[in-house]
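In the order they appear, the protein sequences are chains A and B.
Every letter in the first sequence is one number past the one before it in our numbering, and letter 209, counting from 1, is 209.
Every letter in the second sequence is one number past the one before it in our numbering, and letter 176, counting from 1, is 176.
Please keep in mind that the hints were generated in silico from the structure rather than gathered at the bench.
Accuracy of the hints is not assured; some may be wrong.
Taking beta-carbon pairs under 8 Å as the criterion, some of the chain A residues facing chain B (in silico) [claimed, not checked]: (1) THR3; (2) ARG5; (3) VAL18; (4) GLY121; (5) ALA124; (6) ILE202.
What you are looking at is a predicted structure, and each value in this text was computed from that prediction instead of being measured.
All residues carry an ideal CB built from backbone N, CA and C; glycine is no exception.
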Amino acid sequence: MLTKRIIACLDVHGGRVVKGVQFVDLVDAGDPAALAARHAREGADEIVLLDITATHEGRQTLLDTVRRTARELFVPFTVGGGIKSAEEAAQVFEAGADKISVNSAALRDPTLISEIGKNFGAQAVVVAIDARRDPEANDPVRDAQAFVQGGRKPAGRRVVEWAREAEERGAGEILLTSMDSDGTRAGFDCELTAAVSEAVNIPVIASGGAGTVAHFADVFGRGKADAALAASIFHFGVSSARSLKEELVAAGVPVRLPC
Amino acid sequence: MRVTVIDYKAGNVTSVLKALRHLGAEPVVTDSDLSLIARAERIVLPGVGHFAATERLDSTGMTSAIREAVKRGVPFLGICVGMQWLYAGSTEAAGQAGLGCFGEECSRFPEGAEKVPHVGWNSLEVKGSPRLMAGVKDGEYVYFTHSYRAPVGADTAAVANYIEPFAAAVERGNVMGVQFHPEKSGETGLKMLRNFLELER
């Protein structure tokens, strides 16, 4: 049986893992390679590393971090943050990423999705969408807006429609972050996740708001998510992937228990 | 051990190399050097992307070289599209023949309520006692990402179920294939790669 995936996310800044609340107030959470290995050992199905403050100078730091993190990691490994071209993506793949995630650059130039997919396969291209409900709209969920530049600027695109276009252009998965929920530990945005998941035929990874086991069960059920991503609940020892999964199994959610 | 990894320029071979090195092998990569196939003690064909890309194996002469090596009994492991290539062909690229070790044809998962592609960790049901699966228990999980798959047949080494049962692994003599990614399937995947490297000829 295909299981629901639990993905551990490492937000990286200058080679260190950090965690903030609603994209600000960063605190240090450790070494990316050590944390990735720990999460994989404890049963995380995948590791995502996001360079949250990607800069030109930071590029080499990122590649070193990816190389170091990938070395002993034998579960799928996604890297994102500031990847602007197929050439940059190729460098990240060569450093050991299995998938790359693109966000702002894909919104600016949607052909980037097919360009990367052409060389590395559609399964290697994750389109990340930072989404915020639009309270002004008739349907705040269906009309949710995509944001770029780490959530600082509206992209002028509706999330559901952009997810559909990304799929058509050859995205392998959608990583949907609810900016309203991010860092709050108050639960995923299940309505928004379901709206996107129903609109596309590729997997949707829900992100933003994980706080309790019930939140995961909820986003896999009501939210129709194929995978869910969490960061802060793991880093500070609140919960390990293993204990989270054991509780999910008890709640009837199919997940892979580590050997 | 001389492990030759074939790169047919349709994806990333880094992860496969990393896993093989982790297990103590010293893999070499080639996209055209037939001598590396002729001298190989093991051949690994990782593959992602479109079945049509396997045309490059024909045009570079690698298909014939692999056919010869397989005839001599050199253990061969195809991964993902590399497994599908062991079959007669795939409906993904009609007219592009595979190696034809297995007579069936690969085809797309049927459309329906479930999403296609099939992405994520799914459990295996091991069939018989294939050498590749030594030490792998029924119900162990491996990582898949694909839209096409091979039907269950006489040489199926493990079955997975998504929408319907399909061949997750195939094995006949020293010719082996896995639809999932052992290099990305944690300890279970590493165990299979170790089995492959340690096969008695």
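Which numbered hints does this structure break? Violated: hint 3 alone.
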